[in-house]
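In the order they appear, the protein sequences are chains H and Y.
With numbering that gives the first Met the number 0, the residue at position 440 of the first sequence is 439, and numbering never jumps.
With numbering that gives the first Met the number 0, the residue at position 35 of the second sequence is 34, and numbering never jumps.
Everything labelled a hint here was simulated from the structure, so no lab data went into it.
From the three backbone atoms N, C-alpha and C, an ideal C-beta is built for every residue, glycine too.
It is possible that some hints are incorrect.
EDC-like, lysine to aspartate or glutamate: derived pairs with alpha carbons at most 20 Å apart [what the hints assert, rightly or not]:
no.: 1; chain 1: H; residue 1: Lys370; chain 2: Y; residue 2: Asp83
no.: 2; chain 1: H; residue 1: Lys214; chain 2: H; residue 2: Glu236
no.: 3; chain 1: Y; residue 1: Lys58; chain 2: H; residue 2: Glu251
no.: 4; chain 1: Y; residue 1: Lys58; chain 2: H; residue 2: Glu236
Which residues of chain H face chain Y? A few of them, derived with a C-beta cut under 10 Å, are [as the list claims (entries may be wrong)]:
no.: 5; residue: Ile100
no.: 6; residue: Ala135
no.: 7; residue: Ala245
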Amino acid sequence: MDEIRILSPTGVCGSGFVESSFEAALAQKPHVIGCDGGSTDPGPAYLGSGRTAFPKEAIRRDLRLMLLGARRLKIPLLLGSAGTGGNDVQLEGVRQLVQDIAAAEGLTFKLAVIHAEQNKDYLKKRLREGRVRPLAPAPHFDEAVIDRSEHIVGMMGAEPFIRALRAGAEVVIAGRASDTAIFAAMPVMHGFPEGLAWHAAKILECGAASVVMRKTPDCMFAWLRQDHFVVEAPDPELRCTPQSIASHSLYENADPFRLVECSGTLDLTRSLYEAVTARSVKVSGSEFIPAERYTVKLEGAERAGYQSILIGSIRDPFIIRQIDDWTARLEEKIHARVRMVYGERLKREDYLLFIRIYGKNGTMGALEPVKEIRSHELCLSFEVTAPTQEIASTIASIIRHQALHLPIPEWSGLITAVACPYNHLDRGAVYRFNVNHVVEPDDPCEMFPMELFEVTAASARALTAEAAA
Amino acid sequence: MTALARLARLIRSKNAGPFELTFDIMFEDEQTYERVKRSGAVSREAVARCYGLAAADVKFFFCDNALAIKASIPRPVFQGDPRDSDGHGGQQYAPLMDIEIP
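Using the sequences and the hints, build the whole thing.
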């Protein structure tokens, strides 16, 4: 094989792509279609709760077109990080969508489902063996964190995809996966130089994000050869330039030259970017440095509590000029009132009270270098995170009453200090990311059990299934 | 002296995963990029000063082929934690706009 052609319909399954671009890309006869289905970017609530960041119907729309295109050309479709976080709840939701689409469209194919949700006993064992290492910066991680996590996923590399392809899978739906691994899998399987394979994958995983001016989420196409690759967006109005492609390695990475994967590090220090046409770019010189130890990154989310928020604003310049002192006094009054209501049943460390001040440092918090307030009004967001929604809601009511009437020395008599457009809002459960560590497995696939199904319009018949590690 | 915001085609910030923030300062042409790079005004230390950090906390890169300068810092609050103010990290770049370039 001297060329592999790879189609990426869009940056995230569910964010959409233009059908005419997709058809133009299929006409180029790709060998594989890949698509990333998730990210940590929408925040910990999705991994924690099992909901998806893009709505189910939007995922169905993209998935249907991809499945129809892949089956028409009889090429594999690889989807990673199914359902945003790639946990088992989200993976099952996407698997069900695939089954529904197959039934509606009369499709038949061999389906591999690869799990990324981690078994808690397995993680504790690896932790005790000293085979869980922190990245920087990392929150504290121990067995108690594992126990209270809603979901912990491992970010799979290319190997579980390769294993599925070798097992004859025509459609692969994977839980959390390195975005690049989805696209690097087939070229790595066929022995293409890994530096080029992973670099092309890095560009493909964001769809058309690396063009000069993206109009809307759309397709990207790569021709990977033994000593270079070429990328071009199928929409004839989109242009890739050497600068736009080189710039893409900056996006959402801490280090623009070195991208760490499970099996090694993609090194772009010596990458060369050349224009082929006015809209396509040739890349060569990218290198891959194999890792001494194979590592799998973990992502986990736990419930931080239940939240209620109250939004209000202040226009009185007397209060604005003493806002820090005012909020400090208010916090003490709120804590005192909570103590009065709950007594010993709720300690101060059981709930978190936070007052965000827009017009001061609401956007940047501790990073805000501007200290002087010049705003003639401030917006305050009073937030309470507590063990139950009922407690959070109760405290939010206390906040409102205390904030409204907190006195200031400039006025004598009862004041109403905050303008509230509406009552407090109950936000439900809120989550936090709780791990930034890697595991050293014995085998790249041991954390990612695979199930194989024969999907027909009528049913999905399980062929094989593995237990979790 | 010219403010960096008047020389760059794009200054942006974004999460680099849930635990780091990253800044991209991108230029339209090589001449402007070289002017800023050679001025020395945009440096690891300058970025650290903008955010009240120690220089050792800042990762800093010149990306010649992208005509871009890049810096990354640890997030003061992890993405999505109860005190986080910017889930995507998209509005943290404003202090860089005012860096004066000779």
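| task | Against the structure, test the hints numbered earlier, and report the numbers of the ones violated in rising order. | result | 4 and 5
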